[in-house]
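Chemist: Chain by chain, the residues:
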Amino acid sequence: MATTRRSFVKYGLAAGGSGLLASPTSAMQSEAWRQQLAKFLCPPDDRARELGDQPQSPEARPFVTPLFVPPIMEPTFVWSPRDQWRRWKDGKWTPGAPNPLPDPAAHQRYEEFHPRRFYEIHEVETRWRYHVDPPYTVRRSGQELHSWSWCWWSPRLRDPVTGELLSSAFPYPASTPGPTYAARYGEPVLVRLYNSLPTVGHAKVFFALPSTTTHLHNGHTASESDGNPQDWIDSGEFWDHHYANFPLGFDPREKLTTLWYHDHRLDFTAANVYAGLAGFYFLFDDEDTGDETTGWRLPSFPDYDVPLILQDIRFGYDPDVDPAAVPVFDNWNTDGMLGDRMTVNRTITPYYKVAPRKYRIRILNGGPSRFYQIFLRAVRDGRDLEFPNFLLVTGDGNFQPEPVYAESVLLSVAQRVDVILDFSRYKQGDHVYLHNLLEQTNGAGPSGRYLDFGDPMSFLMRFEVDLPPVEDASRVPGYFRPLPTINMNEVKQKRTWNFDYDGGLWTINSRVMDPNRIDAGIEEGSAEIWTFRNGGNDWSHPIHSHFSEFLVLEVNGKPFRRFHIQTVDEPGEKTMKPAEVELEEYLGVAPEKRKPLTVFMGGPRRDVATLLPGDELKLFMRWKDFLGKHVMHCHNVVHEDHAMMIRWDIVEPGRGFVGPRDASEVYDQQDFKPPFPDPRPPAPPHVEDHPSNPTIQEG
Amino acid sequence: MSESRRKLLGLTRFDGEACERPARVRGPNADYFPNVALTTHERRQSLFYDDLLAGGRTVLIHCTSIAQEAVYPVLGNLAAAQPHLGARLGRDVFFYSLAVDPADTPEALADLARRCGAGPGWLFLAGEAADVELLRGRLFAHNGPHPVGPHGHGVKDCSVGLARYGNESIGLWGACPARANPLWIARRLSWVVPRGAEDAAAAPRRGGPHPHTYRS
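Taken in sequence, the protein lines are chains A and B.
Number 567 in the working numbering belongs to position 567 of the first sequence; there are no gaps in the numbering.
Adding 1000 to a residue's 1-based position in the second sequence gives its number in the working numbering.
Just chain A, same shape as in the assembly (with noise of 0.2 Å):
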């Protein structure tokens, strides 16, 4: 009874998710059907649907579709450093100058950390290719048509391949994600986002929001620029982000690698994100170069140097609505999201051809509810040859102190992993399969159970030894830079975040997301230690905070040195229960001859604590350079946008406190704008004199 009653289900489901994209014509057709159906509709049983409930994607052949690497963004302006102060003083604006010039007013320390390079970017709806078979790919009259998705475009784009400006008419060089970032630390920067989608009720992505912010993961930025859940522009605005980058306090050891920029509009981040709004930022500095002749040596950007960001996406096709599948997304259900299609870069299970030596491959968790663990699998001649293990580099953007072997990676949505993968063992011909088998079939967190590698949900994408060898000069050093010193003077204060579930919603101290209320009010100049404490024990929630990395004092109540890498004891186990592997005793040891770790799941600073079930860590954070509102959220970006968001503030030094405050009790500002002004003109002032004698009334 029960598997017919979910069958059921089922197939109702199936019907609806079809008419998410249904015209009136197509309606009528299915009228019949659906009556049919509704008499078996039902209730969703106390569980809502799975991902096996859901209608399936159609079908796409796997490693048939190049690997999409995105393009570089080329600067459309460089401010020399002689005459930045002068051009901005004389309101003089010389051609290529961004017009209008930015407001050094509007940011913190804007003349301290004068861009240098201007960046344009856009926004734009475009159709995007996932897929060259049909339905993602369809062919209508000698043109090719995809996806329609949120892609971003900039005039001037680098093709990372041949290294050639791309200078095509728009809309070929839009992309999601987006062009990628080749920064560098002491050269700040200004880039103008504009927001060109289609106004509200006008997008062909019917489900995201054309509003934006948007974000820089992990950036040590400015609260104006750091593209706050509140900072929004709509349709045809534009909004300057100032990165300054610089690390903090100007301390080298808080230097950042691997960053990320994505949407973070209040209530919309899921959807957005989801249309295709996300792409890479990389820092680099005199020792990771990004050229592997010179600093540590780690391959070249962008030759050698390819980032990956997973995604898993649900697709829906209607001919009658569009000639190509579109992504599904799903509004109603408050755990999560998952898709049944594994992208890699926006396109599905891709294949990339790598040439015989060594890659540093930079790989991300897009979300938007997915956790990973990943894994290697060398093929060669239809055979398994090895399971070969990660070389870890970076965990969240932040160099290792050592680099560490692991045969997995766990990749809670926003961790990133910078991994050294060597093909120069392998011949022409083999394959290396990149494979996700951590199982999860709903969006409160992964089930515990595993695939096997010949799941068809586990592969996320195959790398081809297929390019003629090159010369490899690059090399992988065995100590990177010593973490930031943890110095408990500082500390000011002590916070605790319990996360939890209430009446549909997912609170933090049993509140949730308000724009106006500050929850905690931090020093400027301070580190404060703060305890993450999962209220739950069938959910897990990546928990991010923006401005400043997390140093790891505690896991679960144990000590969590700095050489501590977290991992997991007895790996498939019903419960995944966190443990540390020390990396001292490491040192001395050749790298061939360490042991790996079974999982990765972070090392000792990161910016993104999971929390699986019934997970607590402590952790130490600081807070310099900037003031203003930040905020702090779980990165299942379906639970941020069902509240599980908090902001803080950081104040001047001697402000602080615990909160929650309203923001008007802190600042002056008053920003009452009404959401529905009134279109009349205003009422007439009452002209007439008041009445001498109030009991006298002329007639």
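Simulated from the structure, these hints should not be mistaken for laboratory data.
Keep in mind that the hints are not guaranteed to be accurate.
[To be verified] Derived list of chain A stretches under chain B, where covered just means 3 residues or more per stretch with a C-beta under 8 Å from a C-beta of chain B:
1. 102-110
2. 174-183
3. 213-225
4. 237-243
5. 501-507
6. 635-648
[Claimed, not checked] Pair by pair, the computed Cβ-Cβ distance ranges are:
7. B/1206 <-> A/470: 43 to 51 Å
8. B/1133 <-> A/668: 43 to 51 Å
9. B/1056 <-> A/616: 44 to 52 Å
10. B/1202 <-> A/470: 45 to 53 Å
11. A/105 <-> B/1202: 21 to 29 Å
12. B/1091 <-> A/105: 37 to 45 Å
13. A/321 <-> B/1067: 39 to 47 Å
14. B/1211 <-> A/662: 17 to 25 Å
[What the hints assert, rightly or not] With the Cβ distance kept under 10 Å, some of the chain B side facing chain A (calculated, not the full set):
15. 1093
16. 1166
17. 1171
18. 1178
19. 1188
20. 1196
21. 1210
Glycine included, every Cβ here is placed at the ideal spot set by N, Cα and C.
Fit chain B to the given chain A structure using the hints.
Modeler: Frame of chain A, contents of chain B only:
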């Protein structure tokens, strides 16, 4: 909806002459939302999709019951949001409070509406238990079992604290806490109202940042 109830309402769909109302433009989620019959607190029969969602309305939907309101009050917050909507409430902006407790009769809901000071455009909706459950399951899908919250019974249901807002004619839907700041509830509704296409075509305007100091 059963055929008998449809006849009761004097409605027959898609059979030409007997069709009393023109076929409306259907939004992208037309097949997802059940078109169940509901009774408003003004004792008017309405079809959920055809009468309450279609026609370009911007709506906010949440679940309520008199018993639940006593332990998890929400309606006062929506009442406070009403003035921010001005004349739009009842014209193209609507609040729908879906009564999920079968014990709440339309009379009791009318009384509740009066006590909340519900203006035109704020409707309390009751229906047959199965229809309401179906509707709630669609609007507030959840992956139980979530434990009972600190407010006692009913809180395990994910439709208690959450309100959906959106405009079905364009298929744009968001969610917010039902107890969010009233001004921000009104703001959220203004985000999903369709706008003119010309805004995107005009010369780009500076949206920000604006001169501001975080010094107190």
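Chemist: Of the hints stated earlier, which fail here?
Modeler: 2
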